[in-house]
Amino acid sequence: MKVVVDRNRCQGHATCNLAAPEVYILTDDGFNEMGIFNPSPENEALARKGALACPERAITIVEE
Amino acid sequence: MSYGPTETAEVMQPPAHVPRELVIDFDFYDVPDAATDPHLGWKKLHEGPPIVFTPRNGGHWILTRGAHQFAAMQDYSIFSSNPFNIPARPRGTPRTVPLEVDPPDLQHYRSLAIPMLSPKVIAALEPHLRASVIDHIEALKPAGGCEFVSEFAVPMPVDLFLRFVELPLEDRGRMREWVHTVSCDPSPEARAAAHAATHKYLSDVLEERRKNPGADLFSRIAAAENDGLIDARDAASMGLNILFGGIETTTSLLSIMMRFLAGSPAHRRELAEDPSLAKDAVEEFLRRFGILNLGRTLTTDIEFYGTQMKKGDRVLLPIHLYGLDEANFENPMTVDFHREHFRHIAFGTGPHRCLGSHLARPELRIFLEEWIRRIPDFSIAPGETPVGRSGSALAFNYLPLVWPG
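Going line by line, the protein sequences match chains F and B. FYI, in this note's numbering the residues of the first sequence are 1 to 64. FYI, in this note's numbering the residues of the second sequence are 1001 to 1405.
Wrong hints could be hidden among the right ones.
Stated by the list, open to error - Taking lysine-lysine pairs in the DSSO-like style, the calculated list, with each CA pair at most 30 Å apart, reads:
| id | chain 1 | residue 1 | chain 2 | residue 2 |
| --- | --- | --- | --- | --- |
| 1 | F | K49 | B | K1311 |
| 2 | F | K2 | B | K1279 |
| 3 | F | K2 | B | K1043 |
| 4 | F | K49 | B | K1120 |
| 5 | B | K1043 | F | K49 |
No lab work stands behind these hints: they were computed from the structure.
Just need the whole structure built from these sequences, with the hints factored in.
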């Protein structure tokens, strides 16, 4: 699984981190600037949960 | 941020470009059944066309569907936030900052507040938040009842705000009075006077902070003013935006949450049996009981989802309807703490995302945790009727509660 965070769409809701703190790390100001990454297999469900929590739809899950 | 009902008896003629079949008579300050349930009359709009026009309040569109609201809020160059209020604030009055500032200037103002309201900073304040919430609940509990709006929903956020911006708690009496008046008073003169008094108070605070800066948010704004980054008018306006944006919204949601819980023993029991549910309960309350009606102004002619709109048209975004849209949530009128997701736009979407969202969530969660722990059973006082309202924000103005001693 690949996670793609669109940093330009991120408005700092931090709901990704609220839903999945193990997967989505925030900057000090509360923005997600993780870019593209592959979560560990045990974190895949959490990655999806965090992506689903983003009001900006800034996080895309690519199943591969 | 609050704006009262219009006294305009005249109803304008819809402009020529508005199709007759999209015109409805809808005064968003006086929505049917709002006194009983502020969301009911709004939800009925989902039985009609997605985009409608009302000749009330100067005439404006209403985007009733979540997808359209989302699109409009993302497309800020077409849907400008200036002016915001419907009806528009009188010409010559200062713009609300940063509410009425569009990108790219918007970021300039938001950057003053963002570092101080980050999740990390708020997390460090959490013990103080909890202590303050507990104090308020413990003070009320022995009475066995209260009028929740004036005795809790206004005072608690006011006190939190005063602590957060390092203002004297002795000012709480005046500030509670101003906030309660601006939110709930039926008289437009009273509301205007309270608003002006708050403005004067904050201008004096900024003046003081310019001379004696501290580490708080208003000192940061005052420092920016000293450095010529923001002018005096905008600085005072920003103070007002932060105050009302931070307090009145919390007050409104607290009142609606508690009106609901007073009538639902099942939900109260869920929270009492599993206090860890409070986090998701807050999200579900934000989703089900969104409170805001936002204004926009078109900067250009546009065909928006098949509807012709013209430059200058006012557009109302009732973003609480996003959470009540069947396209977004199954059984949206049901409160369910166990939904798969609660992806709402109660804090907005796009560049105006609520700056206070990281403070609001813990504030509401801690409130639920500590209230239910101490007062798990409560109901509407016998013989009494809660009174709700619609307007720029939905809320209950009057909520008399009782609980076992």
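Cross-check of the supplied hints:
1. K49(F) with K1311(B): Answer violated: K49(F) to K1311(B) is near 40 Å, above 30 Å.
2. K2(F) with K1279(B): holds (28 Å)
3. K2(F) with K1043(B): It is violated: about 39 Å lies between the C-alpha atoms, which goes past 30 Å.
4. K49(F) with K1120(B): holds (21 Å)
5. K1043(B) with K49(F): The given pair, whose Cα atoms are some 28 Å apart, holds under the 30 Å limit.
Hints 1 and 3 from the earlier list are contradicted by this structure; the remaining hints agree with it.
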